[in-house]
Every structure is written in structure tokens, then in C-alpha cells.
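Colleague: Chain by chain, the residues:
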Amino acid sequence: MIGKMTSLQRVLTTLGHKEPDMVPLFLFANMHGAKELGLSIKEYFSSAENIVEGQLRLRAKYRSDCVCSFLYAAIEMEAWGSETIFVEDGPPNAGAPIIRRPDDIARLEPPHVADSPGLLRVLETTQKLKARIGEEAPIIGVVMSPFSLPVMQLGFDRYIELFYERPDMLERLLQVNEKFCEEWANAQLAAGATAICYFDPVLSTSIVPRELFIKYGFPDAQRVIARLKGAVAMHFASGRCLPILDDIVRTGTLAIGVSAFEDLKELKAACRGRLALIGNLNAIEMRRWTPAEAEAHVKECIAGAGRGGGYIISDHHGEIPWEVSDETLLAISEAAHHWGSYPLDWLEKKDDE
Amino acid sequence: MMDPDIGERIRRLEKALLLMDRKGVKGVLMPDDRTFSIREIETSLVPALESIGKGWEEGRIALSHVYMSGRICEELMDTILPAHAPGRIATPTMAIAVLEDHHMLGQRIVYSVLRSSGFELLSYGQKELNELVDYVRADGVKILLISTLMLRSALRVKELRARLTDAGLNIRLVVGGAPFRMDKQLWQEVGADATSDTAIGAVAAVKRLMAEVSQ
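Protein chains in written order, with the numbering used here: chain Z, 87 to 439; chain Y, 12 to 226.
If you are wondering where the hints come from, they were derived from the structure by calculation, not from laboratory data. Small disclaimer: the values here were computed from a predicted structure and weren't measured. In this text, a Cβ means the ideal position worked out from N, Cα and C, and glycines have one as well. One or more of the hints may lead you astray.
Partner residues are not named here, just some residues of chain Y that face chain Z (Cβ under 8 Å, in silico) [what the hints assert, rightly or not]:
{"hint": "1", "residue": "LEU87"}
{"hint": "2", "residue": "THR90"}
{"hint": "3", "residue": "LEU166"}
Okay, derived cross-link-like pairs now, DSSO-like style, lysine-lysine, Cα gap no bigger than 30 Å in a straight line [said to hold, decoys possible]:
{"hint": "4", "chain 1": "Y", "residue 1": "LYS65", "chain 2": "Z", "residue 2": "LYS354"}
{"hint": "5", "chain 1": "Y", "residue 1": "LYS26", "chain 2": "Y", "residue 2": "LYS218"}
{"hint": "6", "chain 1": "Z", "residue 1": "LYS351", "chain 2": "Y", "residue 2": "LYS195"}
Far from chain Y by the CB rule (all over 12 Å, computed), these chain Z residues [as the list claims (entries may be wrong)]:
{"hint": "7", "residue": "SER133"}
{"hint": "8", "residue": "LEU194"}
{"hint": "9", "residue": "LYS315"}
{"hint": "10", "residue": "GLU348"}
Bound-form chain Z, shown alone (with noise of 0.2 Å):
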């Protein structure tokens, strides 16, 4: 029996690819926080004060192995000059696009973090939740990839045109994207982010061939993380990667967030002692899962990937939906602790069945 570790001894010991005392959870409802403080989410997200105090009552309730300084993907569009809509119930969004016309990207020149106010209140955000959490658990920073960025920058539709009708621009794009999200992946973990979650859904199999994917996305992805100051892990929110594992290693990522639309064994066995893998509860059925329905999704996914370490429980896109109740989550948190702890004995008794 293995005694009880810390939240940052427990995920670091399962990147190592050994047994912690428990499969570590990430619960990665940034959203909730504005429920837990009784606040809209434009409020709850105008001040790091709130987040601070929002993602600490979250790990409290739901015994989350993580806390986040993300709050929501736009933040980095308001720093090229975008606007940033607000709902009630759901994820900000960026507005219009910035770049309208191919040839703007010409002109195009990498904003700083020191100019903008979103990005220094994440910054805030994290010297604080250090401040706060010390080394009881890992702070994941967040930043959005140079590859996968252009989707809020152009639109997706325009983007995609943009990887063969002007490829000129698309190198000229990444090339400014990568200063941008070097500078900024940089910054978050000068303020005490533990590890960036690098996020990548266009790298995924998902949306780009395999063609694009090592002529563009994956030498992207290489220069930028070997760039970086601190771990990595990349996430697909939801796209497929099973195809593409053996070229994310070469990155130097420790860890992947996998989708619910490839399976974990597969996955497991695919990243086995290379790559961690984070996930893949379905974050959109969650809405509408039983207490008991939660607990059995948690345990295949333990069943799937938890043998051996290398893996750490959590949604599959790296967002909690809105709409999640706490009931659910308390439920999928009650069935990681109880089905999650390390022997997985009960698997054991599974396989002899």
C-alpha cells in the first residue's frame, strides 16, 4: 500500500509512468467558479481574485488534483484585438475575426503580453493560486498552439482555405503565432504555472491530413514546445490522435488530452512508458449521466488506461460544460477516489472473470 501523496507528488508519479496511491483527477470546470461565488461569469472573470477563490473551493469540493489559471480560450484573442462575447450560461467567445483578407496576415505582428489586460490578469491569476497552493498541487496554465489559433484569428472555414490556396501566408502566420505563444506559454510559467496545456484540436487526425500535419502542424509543434520553460502537455480537445502518437512523442510532451471517439486501451497501449494520457470522460453526454452512469464511465476509463500509471482521469475536451451539474461531478470525483486507488485490485478480479 502506497502512503498518501500529495496532489503534485501523485500527478508527477503517474507522468513517471508508476502507481501513485490513486489515479490523479483533473476536474477542469473553470466555469463552475462563478457558480460556487454566486457570480455571472463576466464577473467571475474580471478579477483574479475571483478565480483564485473559485478554483480553490472547486479542488476542495470535488477533490480535484489540479487547479487552472485558464479562463476561457478568447482571453488570447482580446490580445490581438478581438472582442470577447459573454453569455449567461455558457463559454465567452471570441467575436469577429481579426484577420479578414489573406494578405493582413502580411502586416500581421505578434502582440505582447505586458500590453494586454487579459493576459496579465491570468498572470495575476497564477501568482496567486502559487501564493495559495504552493507545491500541494500543479497549476496548469493554458495556451492555444500557432496552428490551432488561426481559428479565432480568420474562422475555421477561412483557415482552412488558407492551407492550400495561400500557403505563404500560412507560414507567415505560424511564424508570428509561435513568437506570440512562446512569449505567452513563457510568462504563465515565470508566474508559477506548473505545466502548460498546450492546445492543439487542428494538429489533431481530426481536422488535417497527414500531409499537413508534417509539413505544418507537427514542426510547429516541435519548435515551440522544445521553446518552452516547463512541462508540457498537449490536449485535442476531442479530436483523434491514435494515428499521429509515434510523432506527439517526438515533441517532448509528457502528456495528451485524449478524445471519447478513440479508445483508452488502444491509446494505452499505443503511449505505454512514453506518454500520459488525460482523459477521455465524454464532457457532452456528462450533462445528462446518473450518479450511476458517472461511476461506470469512470470506471472503464480506469479499467482502460489506469494500469501501470501514465494516466490521470478527466474530460475529454478540457472543459467542463456549463451545464454539468454537481451532482455529477461529485459523482464522477466519489468513483475516481473509490475505483481509482492504486492496486487496482479489483481490476484484477475483472480479468479473471
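With the hints as your guide, set chain Y onto chain Z.
Modeller: Positioned in the frame of chain Z, the structure of chain Y alone reads:
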């Protein structure tokens, strides 16, 4: 049993589409620059798009290919069967919209594939709920396709359905997008009449609903 010539033609068409080879696509569909018929759309172009859509669903083909294939087919169709050509299937009135989301890709793909399949429909782009009800009423829309990316928007379809009913509008709703792919019960929960994981599947759904509307 499929005619082997047609099978080969579909394979060549799919290959040309995946290579973004516009000339190749045209060469398969219009050898010697002759025009092609609605029947050829049904037997060649639609199956090629179906195969690409299935490939995406199964994780073999990327979304960028799905999008560009739809666009290439739509461009080609526009050259031989312009928007108001008599051969276009324009009744009952159909429209597609993005409900309160800010992501247009899904709508663009479905719009292209429907137009590539010979349909003509209104494209509303992003609309707020009340605005959308006003539009469908004014245009006499009978089949409305809704594309969503965010769960919140998908759930808003339930309210849309209620508003349409309150307004006395008997409209068939086809929904699609990531939330509906990830939760297979969601389309029924929000009161839609059909859903599809792929754009080409929306064509089949529209055909079925057209038959219902005309009864």
C-alpha cells in the same frame, strides 16, 4: 450490384477530390467537356461525397478534406447548374443557420454538400433565436437546418422549437454539429426531426423530410 464503371468513376472522383484536383474532378464528371445530368450527380458525385463523409466519421479522412471537397463540388455545380436553374431542387423552401454560435465551418460544409447534391437553400449565417424565427416565417421555410458547435447553442434548439410551435410554424428541423455527434440522444431531447453526423447524411435527412412535408 453497382455498375463497375460507376464504381470506378466514384473512386476516381473521390481521389481527385481528396487531392483538391479541380481539373481531375471535372474530367471525371464531364469528360470531353460535356455537361452532366442530375442523375450523374446522384450516381457519382453524391456517393463520392458520401464516401468522404464516412471516412471522416471513421477517422480516416480529415475535416479539411471534407470542407474542400464540398467547396470544389459546389463550385462545379454552380457552373453547370446555377443557383436559380430549373434543375435545382428549391421546394419546399429550405434554409440553414448557425444558432447563436460564432463558428461557420459546419454550416459552410453542409450548405456546399447540399448544393453539390442539386439542392438550393437559403444561407442565414449566424442568427439569434428571435431573429431566426422572424426569418423563417418571412421566407416560408419548411425545412430548417441548424449547425452548432457549442453545447449551449445545441440546447437552444429546444427553445427554438418551442418558439416555432408558438408561432404556428410547422417546420422540420435538422440539427448537426459536435454536440450532437458526442451525445446521440441530444437531437431528440431538443425536439429536432433529424440529425446527421456528416454533411452528406443531412442530404438523406432532407430527402426524407421533403417526402413528409409533401404528404
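Colleague: Compare the structure with the hints numbered earlier in the document and write down the numbers of the violated ones, lowest to highest.
Modeller: Hints 1, 2 and 10 are the ones this structure does not satisfy, whereas the remaining hints hold.
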